Amino acid sequence: MMEVRLMSYGALTDITGSGVLEFSIPQSVISAAELMSLLIERYPALEGKTFRIALNERFVTGEFEVGSGDHVALMPPFSGG
Amino acid sequence: MEMEPDFLDRYQRQLSLREVGLDGQRALRAARVMVVGLGGLGCPVVQYLAAAGVGNFVLVDADRVSLSNLQRQILFTQTDIGRFKVEVGKGWIQKQNAQIKVSVHTEMLSAENATAYLALADIVVDCTDNFAARYLINDACAFANKPWVYGSIAKFEGQVAVFNALMKYAKVENQDIMASQTSDDSFIRSLNYRDIFPNPPGQGEIQNCAEAGVLGALAGIVGSFQAMEVLKWILGLDGQLVNQMLTYSAMNQSIVKFRLDNNSD
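Each protein sequence line maps, in turn, to chains V and X.
With positions in the first sequence counted from 1, the corresponding number in my numbering is that position plus 3.
With positions in the second sequence counted from 1, the corresponding number in my numbering is that position plus 40.
Keep in mind that the hints were calculated from the coordinates and are not lab data.
In this text, all values refer to a predicted model and were calculated from it rather than measured experimentally.
Heads up, the beta-carbon is just placed ideally off N, CA and C, and yes, glycines get one too.
It cannot be assumed that every hint is accurate.
[Unchecked claim] Partial pick of chain V residues on the chain X-facing surface, computed with a CB cut under 10 Å:
| # | residue |
| --- | --- |
| 1 | Arg61 |
| 2 | Gly70 |
| 3 | Met78 |
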């Protein structure tokens, strides 16, 4: 059992409704693909949106794993100036 | 360019910083800074850089001042409504310091004019409000080997980064380290906007300030971060926001710096 806490930024927060997202997960570690599935399941409008994932304040792509205590952030591009 | 006769008095508060001093002040005076977009971000960028003694500006913006600008674009006043922003900006700069040189361009940055304008500047500040302009700045700076300081805002949050800056590259204990730009060791360019977001989002996916709304103080904060990064770059100071993106949240007053690695793609 693991609590995963994610921060969402910018326009993504319009979809998630909050800048802090919390998930309870039965496993102790989840893969990138599993994380994305969880997110899309709870927030279908995230599908196809442009954003990067940061794990422990580092942008990541491809395969990675999220475990207890990790910081995950969902970062879209910003437009305003 | 000669320093103004009263410069010791004018810049006393920063001349006394070891990181600035006379050499730094001369570097600021010689620097050529291009500001693209004279809106919420561009106003504080221009004002702080001019006050600090940056000697040459290239201002690019096709817009005229409107009433709805005044809520956050604090360089402008009611009497400026209808005037080109870059013309008002030039007037403000030269009122602040008549020795500063300003070239103004009342057209949007485009693929046709970007190369010519970039040739007039050492560093570019992106204060635009749309992805087309931002990707154009990114690609034109990559082509011209010029650094640029990115800034953008979304409701109560902001992003800031320094892209395409020339950095000393060294290997220390098996770690790749970006050091300051003062050594004659090997140099490489820091990562750029496309290393974070390779392609623009879909049309209408991300709202700009006109659509999403913004409080003026946020533009002031993020623009001030950009001005500080420009000053650090001109002065060759450590700690520039290269290969990372600062994200500021006004709601909880937090700053997170997200690292970007060469191998993250």
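Kindly indicate which numbered hints from before are broken by the structure, ordering the numbers from low to high. Violated hint (a single one): 2; every other hint is consistent with the structure.
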